[in-house]
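Asks: Given chain A, put chain B in place with the hints provided.
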Amino acid sequence: MTQLPVRTEKKLGLAIDLDTCVGCQACVTACKGWNDQGYGVPLSDQDPYGASPSGTFLNRVHTYQAETPEGMGVTVNFPRSCLHCEDAPCVTVCPTGASYKRAEDGIVLVNEDICIGCGLCAWACPYGAREMDQAAGVMKKCTLCVDRIYNDNLPEEDRVPACVRTCPTGARHFGDFADPDSSVSRLTADRGGYALMPDMGTRPVNRYLPPRPKDAPDQASPLAPLLDIKASGFAGWLDRMLGKI
Amino acid sequence: MHPAPSVILFTVFSGIGFGFLALLGLGLMVPSGWTAFFLWGLGYALAVGGLLASTFHLGHPERAIRAFSQWQTSWLSREGVASVATLVLLAPMAAGQWLGLPVPPVLGWIGAAGCAATVLCTSMIYAQLKTVPRWHHWITPVLFLAFALTGGLILAGQMLAVPVALALSAILYLSFRIGDGQFPRAALTTGHATGLSHLGRVTVLERGHTAGNYLLTEMIHVVGRKHAEKLRIIAILLAGVLPALVLLVLPPVAAIPLATAIHLIGALAARWLFFAEAEHVVGLYYGMR
Chain A
1 MTQLPVRTEK
11 KLGLAIDLDT
21 CVGCQACVTA
31 CKGWNDQGYG
41 VPLSDQDPYG
51 ASPSGTFLNR
61 VHTYQAETPE
71 GMGVTVNFPR
81 SCLHCEDAPC
91 VTVCPTGASY
101 KRAEDGIVLV
111 NEDICIGCGL
121 CAWACPYGAR
131 EMDQAAGVMK
141 KCTLCVDRIY
151 NDNLPEEDRV
161 PACVRTCPTG
171 ARHFGDFADP
181 DSSVSRLTAD
191 RGGYALMPDM
201 GTRPVNRYLP
211 PRPKDAPDQA
221 SPLAPLLDIK
231 ASGFAGWLDR
241 MLGKI
Chain B
1 MHPAPSVILF
11 TVFSGIGFGF
21 LALLGLGLMV
31 PSGWTAFFLW
41 GLGYALAVGG
51 LLASTFHLGH
61 PERAIRAFSQ
71 WQTSWLSREG
81 VASVATLVLL
91 APMAAGQWLG
101 LPVPPVLGWI
111 GAAGCAATVL
121 CTSMIYAQLK
131 TVPRWHHWIT
141 PVLFLAFALT
151 GGLILAGQML
161 AVPVALALSA
171 ILYLSFRIGD
181 GQFPRAALTT
191 GHATGLSHLG
201 RVTVLERGHT
211 AGNYLLTEMI
221 HVVGRKHAEK
231 LRIIAILLAG
241 VLPALVLLVL
251 PPVAAIPLAT
261 AIHLIGALAA
271 RWLFFAEAEH
281 VVGLYYGMR
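These protein sequence lines are chains A and B, in that order.
Using the numbering used here, the letters of the first sequence map in sequence onto residues 1 to 245.
Using the numbering used here, the letters of the second sequence map in sequence onto residues 1 to 289.
Chain A with its partners taken away, still in its complex shape (with noise of 0.2 Å):
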C-alpha cells in the first residue's frame, strides 16, 4: 500500500560522516556487489565494457569543492544514497503499490513483482535515490541491506548494510534513529547532524555529520617562525648602519 505508516516502530538508517568519507568509492562497489545477487532483480549495466559504460546503481559518491571567506579551499566527498525518508514522496505517488514503507523498520522497498516501471517515484524523490534498470524496466532503490540485517545465517557483525560493513574509514553507521540511546542517534547529536533538503518536506531519516572546522590559514605554517630572521653581530651591525643611511 502507498500510504505510509502514521509511525514506524523503528528508524533504521545510516549517518554518513563527511569528514572522514575519503572518497574511495567502496560503498559503491560493495552496493552494487551484493545487491546484485540478493534482493530483486539483478543492477544491469549498459555497455559495461565499452566507450560509454553505464549502469544502475543504488549508491553514488560525488565529490564537492568550496572556498571558505578565507580563501580555504574544502574538498567533501558525498555518498548519496536513499534517505528512507519518513514523509516518502516515492512511496504516495506509486500508482500500483508497489512502492511501500515497512511500519516495523521504516524501510522503504519496491516489490518488483508489481512495478509497472513508470518512473514517477524517482521524479518525486528530490535526492535522486531511485534509478530504473534499464534492463529488468523495474524501479531499484537501497534497500539497506534488509536481506543482510535480519540475516541469522551471516556473522553478528556482518549483519549490517554492505557499505557500513565495507567503510574503511568507518564514515557510514547503521542504527536506529528512533532511539534515542543508538551510536547513530548519539553520533547525530554530538556533530550536528542534518538532514538534507528538508525544504522539500520528506522527512529524512538518514543523517549527514559535516565536515569538522578546518585549521585558518595563519596557525597553518610551522615554518613561520623561521621565517622571522634577526640579524645579530656583525650582520646586525651592517642592518643596523644600512638602515640609517
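Worth flagging that the hints you see were computed from the coordinates, not collected in a lab.
Computed from a predicted model, the values in this text were never measured in an experiment.
Check each hint, because a few of them may be wrong.
[Stated by the list, open to error] Beta-carbon label-pair distances, calculated as ranges: (1) 181/B with 87/A: 22 to 32 Å; (2) 211/B with 87/A: 52 to 62 Å; (3) 233/B with 170/A: 53 to 63 Å.
Glycine included, every Cβ here is placed at the ideal spot set by N, Cα and C.
Replies: Same frame as chain A, but now just chain B:
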C-alpha cells in the same frame, strides 16, 4: 525532464479528447445517428489513444492494470480511475444519441465533470512534484484544463473557441513567466542540496561516475533548450492566436480541420517545452539544471 514522446502524445491527445467529450456531454452539440457515432467515436479515439500512448514508456506495460489500485494517494492512479469511469459514464449517452434513444441529460453533465476531473488528475501528476519547481504551481492545472477546453472547442467548431483560444495563449505566456521564476525563487543551489553552503560556494569537483546514468538522461535533460525562446513564441501563436484567427476568417468547413491542425502543432510544441524546460532538483547534485 526528458520529453518522452509517449507522454507528450498522451497528455496532448487525451486532453483534447476529454475536452471534446465534455462538450458533447454538456450538450453544446446534439448530434444524432451516424454523425453522433462519428463525433463520439472521435472523442473516444482521442481519449483512449492518448491513454494507450502513455503505456508505451512503461517498463512493464502488461502490468498496467495495477495502476488503478492506489487512488487514495497517487494522482497517476486517480487519473486512470477517473478516465475509465468517465468513458464508461458517457457510453449510454453516446449510444443513445447514435441509436436515437432518450438519455437523461444529467448523465452527460456528470460525464463532463468526469472529463474535467480526469484532466485535473493528469495535471496534478506533474503539479504535485515539489522536486520540479516549474511544475509545482497552480498554473499547471489551469494550463492543462485550458488546453483541453480549447482543443475541444476548436474541434467542435464552436465560436466560443475564439476567446478561449486567445485566453489559452495568455495562460501559456503566463506559465512561461511564472515557471522561469520558480527555481530561482526557491534559492536552490548545490550548497543547499548538499547542506554544505556554510563552507562557501559549493561546486562539483567530481560527479562520481564517468558516463551517463538514468538520472542524467531522465531528469537532467538539457538537450534542445537552446531553441526554447523560438519554440515558446511558436507555441503561443499556434496553440491559441492563429486557430482563433482561422476560425474567425474562414468558413467552418475549412476552418475546423485547419484550426485543429494548427492548434495541435502548438499544443505539441508547448508540451515538449513543458518537459524539456522543467528542471529537477536532483540536477543540483550534478551542478546542472
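Asks: Quick check: which numbered hints come out false for this structure?
Replies: 2
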